[in-house]
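Enquirer: Sequence:
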Amino acid sequence: MSLTRRDVLKSVPGLVVGFGLSMPGVATAARFVADMAETTRTDQLRAGGVDAWLAIDAAGRVTIYSGKVELGTGVATALRQLAAGGLDVAFADTRLLQADTALTPDLGYTAGSKTLQSGGTQLAHAARLARAALIERAAARLGVAADTLTSANGHVVGHAASSAQRLSYAALIADGIDRPLAAELPAFAPAVHRGPVGQSIAREDIPAKIAGRFTYMQDLVVPGMWHGRVIRPPTTGAFSPDAARLIAIDASDLPEAAQVVRVGRFVGVVAPDEWQAMQAAERLRLAWDTTMTVPAGDALFPHLETLPATRDVIRDTGPAALGSDAHTATYHWPFQSHDSIGPSAAIADVSPDGVHIWSGTQGVYPLRAALVELLGRDDIRVSYVEASGCYGHNGADDAAADAALLSRAVGRPVRVQWSRADEHGWAPLGCAMRMRLGATLGNDGAITAWQFDNRTPTHLNRPAKQLGAASLLAGQLARDLVPDTRHVGGDRNTISGYDLKAEHIVVNWLANRDMPLRASALRTLGAIQNTFANESFMDELAHAAGRDPLAFRLAHLHEPRARRVLETVAHAAGWQAGESAPGTWQDDGARGRGMAQLTYENNAARVAAVVAVVVGTHGIRVTHAWVAHDCGPVVNPDGLRNQIEGNVIQAINRTLNEAITFDPYGITSLEWSAYPLADFAALPEIDITLIDRPDQPILGAGEATSAAIPAAIANAVHAACGLRLRTVPFKRGALMTARREHSA
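Using this note's numbering, the letters of the sequence shown map in sequence onto residues 421 to 1164.
Mixed in with the good hints, there may be bad ones.
[Said to hold, decoys possible] Simulated restraints on C-beta separations: (1) Asp904 to Pro692: 31 to 41 Å; (2) Thr1157 to Glu1091: 43 to 53 Å; (3) Ala584 to Ala510: 17 to 27 Å; (4) Ser672 to Pro692: 17 to 27 Å; (5) Ala510 to Lys629: 42 to 52 Å; (6) Ala671 to Ser771: 37 to 47 Å.
Honestly, the hints are just simulated from the structure, not real lab data.
Beta carbons are placed, not taken as given, at the ideal position from N, Cα and C, and that holds for glycine.
All chains should be built: construct the whole structure from the sequences, respecting the hints.
Expert: Structure representation (structure tokens):
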């Protein structure tokens, strides 16, 4: 007999609250049941039913079943705070069980700054529903009206200070009463600042990580597992199936215990010992027929201009024709890597009884959907195990698919560990894009016409039911699949957010089949590229109009919360009118400051940044960054500051250093020396001002600040030395070239 989690929940005492993800108008139900059997399995749990989000056991401890996961950003702590605050229990009495297709609701990906916005909001609502149910149960038991009772630290108590009425949550559920609780989930359920919500509670995972005791996905061991490696085509990262065709395999020199697995162009080795697997991968000889499908590195952007595109008009608010005196500029952004310190790893156990995958994926349900098509069976369970940090669609899902194909072939659990070269060469990349802008200024210096045109691939090729096995590298190699193009992400923040009289905004979508390298989701999707262009261009227009960049922005920005962050960061940085007038080059270092702002996705977090730089023959160094941030209610101030600091640091490196290098046969930046990261000495001082709005919806904070930093740096460079840098990264060589061209 196969028991589901639902079956077990029906049979034991405790309280469970569940409801649907979509809102508003979703029925919510609760039943009084108890201990959760975490070893039970089910083919699928969906948040759209009455599946459990919260459980309270007979001791009053709260288990949170979260479809969102901890990627190193601290959301696990914040989710526990929201649940504890809604239920009115101690933070220490909560625990979080992270995404598992046999146990938790389907909340899609942990991505897009949506964890607290689309998972935490519902969790807080569920907790409040559970608290209300417990108060009603206590009122019935005590024979009093529910409005004479309240809650306090896991108990229902009387309002009066002298009241002797006090019942623990555990006592209220001990008899296992089962009844439905229906409620409508509001469009937004703002976090109530109750108990731990709004406090800087320390993350419990940090001590173990610092001490080296934390078990990452890369450390996980499953009994009886073997080790696998995949040998990929020599056209590293090339997306086209025509880039390399497998001609022959020579396995004559393999270690005795090693086995070779081939499915189409997917070739792997499996061995009992990891060293044997590594040796086998090194000794296996593959013959390939290769074709150059990738342009030379310096020909990337001209190549993108030649590709066919689907034209999508995002906004057209009036005649935006540019006159002869129009201002124009073109900006470029390269392919970039995710740069997780630990390369991807996964374990798969494919057996006749079922499939179990352990992965650092951002979406256990989307990965499961892709694996269903890859393996041709649906008895698949995917369990999340924290990996070494993730900023989008890295190699985690692909490593899981690798392990699944290898495990199926040898009939035992297989662990796959990618190398650094695998991660840099084959994990999906952040998208290369071109942004072209034009505008006309009126006699009063105001913008009268604005044009925006970009060229972009989709920013979402990650696993999903719609893409199936084509979203997995193993599927692409095994079956020569190319995922259908979805128009996602490249339009993010194409709309500048300013109040402009006439706008014409166009996105030109490039098809997956035409892309030279494999691109997908990287932090902010297209917002960082588009905001780099928009906010750099706003600065250029301010100088063309003879206006201070702050005053120029405020003159075109009327949304109150956006104005507030801009004014706040200017005050914090001590911004002075006229300070951004372009300086002159100084070999030993010229100093300048620049600013940028955005409303993420045009309806989410508001962020403004001021950046200070020193520019000289040594290159560009960011010395100070000021950020003002409004993401609605602040659940954990210290955790939010950590997020913003991480955004700033990563975005600085993406702006100054990062670009994938490649030649006609594929990616060449396969190790850290070819793809450098900033060291501690390069980190700036960071000052952050948080604008807490407890009466507003949660908006998320995982990405927004990243999008503001590149333009702020570019504008600061112009203020320092008069150079306009429009192509990322701003490496020393690019800076020196810009100086020579400016002086010519």
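Enquirer: It remains to establish, for every hint, whether it holds in the given structure.
Expert: Okay, the hints, checked on the actual structure:
| no. | hint | verdict |
| --- | --- | --- |
| 1 | Asp904 to Pro692: 31 to 41 Å | holds, 40 Å |
| 2 | Thr1157 to Glu1091: 43 to 53 Å | violated, 26 Å |
| 3 | Ala584 to Ala510: 17 to 27 Å | holds, 22 Å |
| 4 | Ser672 to Pro692: 17 to 27 Å | holds, 20 Å |
| 5 | Ala510 to Lys629: 42 to 52 Å | violated, 24 Å |
| 6 | Ala671 to Ser771: 37 to 47 Å | violated, 25 Å |
This entry does not satisfy hints 2, 5, 6, going by the numbered hints stated previously.
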